[in-house]
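Given the coordinates of chain A, work out where chain W should sit on it, guided by the hints.
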Amino acid sequence: MEVDRRNLWWGRIFLGVMLLALLGVVGWCYYLQRYKAEYHREKVRVQQLKIIPQTARRGAIVDREGRLLAVSCRSSSVWVDPSLIKDAEGVAGELAKLLGLKQAELAEQIRGRSTKRFMWIKRFVSEAEAESVRGLKCGGVGIQEEYERQYPMGSSSAHVLGFTDIDGRGLEGIEAACEDYLAQRPGQWRLRSDALRRPIGSQGDCEDGRDGKNVVLTVDTVIQKTVEKQLELTVKKFHAESAVGMVMDPRSGEILAMANYPSFKPGQARQVDSALRRNRVLTDPVEPGSTFKPFTVASALEGGYVSVNQEIFCHNGYYAGKGFGVIREYDGHGYGNLSVADVIARSSNIGSAKIAQKMGKNYFFSMIEKFGFGKKSGIDLPGEGAGILMPLEQWKWGQYALTRASYGQGPVAVTPLQLIRGFCCLSNGGRLITPRIIRGVLDADGTVVKNFVEADSFKGARRVISEEVSRQMVTKVLKGVVDRLGGSAHNAYLEGYQVYGKTGTANIPKKDGRGYEENKYISSFIAGAPAADPRICVLVMVRCPDRSLGLGYTGGQVAAPAVREIIRDSVEYLGVEKIAENEAADRNIARR
Amino acid sequence: MLTESKTINSPDQRGKTAEAHPSALGGWLLIIISTLLCLGALMVFSAGAGIGQKLEIERFWEFSTLRRIAFVPLAWLVLAVFSRVGYRRWLVWENHFWLSPVVWFTALSIILLVVVLIPGFGHAMHGSFRWFKFKVGPAEITFQPSELAKWFVVMFLAAYAAYRGGKMRNFKVGFVPGCAVLGLVVALIGKEDFGTAALVGGVGMMVLLVGGVRWYQFLVLVPLIAGAFYLMVYRVDYRWARVTGWLGGDDPNAVLDSSYQARQSLTAIASGGIWGKGLGNGTMKFGWVPEDTTDFVFAIIGEELGFVGCAIVIGLFVVLMVCGILIVNRASDPLGMFLAVAITGTIGAQAVMNLMVVTSLAPTKGIALPFISAGGSGLLLTAMAAGVLVNVAKHGRVKQKKPTG
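Here the protein sequences come in this chain order: A and W.
Throughout the first sequence, residue numbering follows the working numbering, covering -8 to 583 in sequence.
Throughout the second sequence, residue numbering follows the working numbering, covering 182 to 586 in sequence.
Chain A on its own, in the form it takes in the complex (with noise of 0.2 Å):
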């Protein structure tokens, strides 16, 4: 049997087509290999990565001695993959019913992404909400543990503290000012993972999250609820509009509290109005009417130009002269001659302007600047305003600037740290402090990383009066309008405390410009106690208290018995000693 071999091409071309193949594939195997490595090596590389998040935590805010006032708690947050949900409807229902949301409205957010790997659906859940939802059967729901930002003492020290967006991040406040401290840096790992997305092995650089560190505050949060309260109180009896209230310890310069009213949740901050969030003693410029007074009088005493005891005429309550026109007594008062410690107690403005004018502008308005009025005081919270201050050039029209400034008008507007600040200076010896809010920052082992309390608390201090003055200024002068007697503030009187200080009844100025509002006042009290060794400084100012209640509406009537029981609660709190009345006129003879 013979076989005809030319059929046998038919094999040997398949064969050699087949040959060609695969040298063909060898081919395109190399330019693969060769060429396209790159490329497909980054596919892989994107595909492939899984990053596994590592969550920390923020820092907590805490009081000077160590109360929680802003904490980051675990919780848990609602998502969906939208792009795995196919039946919208189903999902929207099951959830809502869960989290008490609206089916309709979620349905049509989770259809309207349904391209997009992730949405939220509720953040910061509870646990049984976040159970419930982990025992649904839906595929693409998903529970995301994080930390959610609490405030344990709910709306005190709101203004101080700020608060954060939803993600944690400092917009205002402290939570703004310390965001470098409190801030977490949360890690990541960058895995390989298989087609599950279950990481293959360890390889890959893993980097743990950092949890924030904690700040420390002055602020002492029985103090600050002392002043919240009495704020309250105080705006609610007088019907006023609003009141801000400070408490700082002239030698350190610390805050030991600061609180507005009304005031906010920090926790539910973003729902509030913008306003209602502003911390207005730090932003807020205002006429500080005759709280102004005793830094004109401390001027004078520190150049020289009056006496305590020297006496003052005072025209009887109408002063008029070319160049700075008329000026009168609040509540047509007349006087005739006071002195210099008199000006101050009855509240002179003819006193204060005649003092002014003796300084001339120059050095009154030298020292208006020492005050540290017309400058930002430094203060290690965000947001804080400048106040106002004319400058020099522009007192002109003779005297009239220079005059109205001595009572706290015209060119000058403070704001509430300003006036506390530069009481304080007038308390402790004459030295203008730097107001401190953040005491520290501590690790989240409670390790010191930042200490701010100086040993010499006085470090940095520009010297802007005597320390005569400054004892002048407390004992003799700011102590006589607490008089029990015949003070402004008699109010603010408190037995064994000599607390000294200085009432303010300002006018509001219209928003033109032109002239002042009817009956619409800022009554204000700044005092500090005790007189013998200044401890604290506190000032309350009330806005718009409601005239017609026939309650009063003076500094003297409205505020000075918000400080009193203030720096009661403050000084018994602190253990400051409390001497009898004519021991502290001894003590003071003495250390002179």
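Since the hints were derived computationally from the structure, they do not count as laboratory data.
For every residue, glycine included, the Cβ atom is placed at its ideal position computed from N, Cα and C.
Zero decoy hints are in this set.
Derived, one-sided and incomplete: chain A residues facing chain W with beta-carbon distance under 7 Å:
{"#": "1", "residue": "F5"}
{"#": "2", "residue": "L6"}
{"#": "3", "residue": "L10"}
{"#": "4", "residue": "V16"}
{"#": "5", "residue": "Q24"}
{"#": "6", "residue": "A28"}
{"#": "7", "residue": "R32"}
{"#": "8", "residue": "K34"}
{"#": "9", "residue": "D185"}
{"#": "10", "residue": "I191"}
No farther apart than 16 Å at their CA atoms in a straight line, the calculated lysine to aspartate or glutamate pairs in the EDC-like style are these:
{"#": "11", "chain 1": "A", "residue 1": "K113", "chain 2": "A", "residue 2": "E136"}
{"#": "12", "chain 1": "A", "residue 1": "K569", "chain 2": "A", "residue 2": "E486"}
{"#": "13", "chain 1": "W", "residue 1": "K458", "chain 2": "A", "residue 2": "E29"}
{"#": "14", "chain 1": "W", "residue 1": "K458", "chain 2": "A", "residue 2": "E33"}
{"#": "15", "chain 1": "A", "residue 1": "K216", "chain 2": "A", "residue 2": "E563"}
Just a few of them, taken from the derived set where beta-carbon distance is under 8 Å, the chain W residues facing chain A:
{"#": "16", "residue": "T464"}
{"#": "17", "residue": "F498"}
{"#": "18", "residue": "V533"}
Positioned in the frame of chain A, the structure of chain W alone reads:
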């Protein structure tokens, strides 16, 4: 020449002299195939790595990668046995052709191809009825009748052509019966597995042509195929949609799955670079390349061993095919020659189809890479066929120039 042709007709006698002058080709083939088997076991084992997989050694039958390693000695045994037993002894009996084992096995495989389509007997994987599943003790064995049919139909055609000899050019004697058997098998396989059907059809036609069927006789099939196509594809809406989808992409879902597989496979190969990521260092095997131990194992070779690995594997196939061609040329009888063409052609075509699929040069179909891919029954059958090829080589002529002993 005369003595030579005499010996051609008596291969059993010739076998003795071949032992004295063993053809080196058979030895080469054994070396190549052993290398491919070991490389395959290694790469299937590497590709089989997964996460969250607990390996219980006493239940190793459930792990295809371990099973694959167990099949290497088995395949080797099969290879050794069939390369030693003369194909005329067990495969084709010249004097009682229609009683030959090759005829029985062809008939058996046709029956099994029918049975596997009956629900209840066959087992569906990935939506097509291609498998039988047996329980053997604790192990579960899957068996694909199309593998059996693939090998026996091409060998049957080779044997038939050798049996009919010169009469093959006769339309009724050669073309009609050959095409009937081939067509039946291709149709039965093609119902569930287009790739294997195309492979069998192509190699089968080539064997018939080599066996003496005139090429123009195949023109008869053109209207037949056209008619069948019209009835079975064009008139059936969903199939026509699939065709247009494949051509133009109207139905993205139909294409998406297989093109994803192909893209991933291409990426795996290309990312290997020239030297590869190193044995076991690949990451695409963790679920990123589907079927990475079976049809797409070459993708893992490309990724882990790089171009060097690819070139070695393909080079081995090239050498294997060159050996096959030489065996065809030196075959001592028509049966051996036709068998060698059929077997070499099947191995070569299957390798080419698999490699082109894996490198995205051809659309995806389920074709394993011979000797490399995991899979028990297919591997053993391939080993058997390779054994026959080696046996043919042993009985081959010694080259004219070489002095005979």
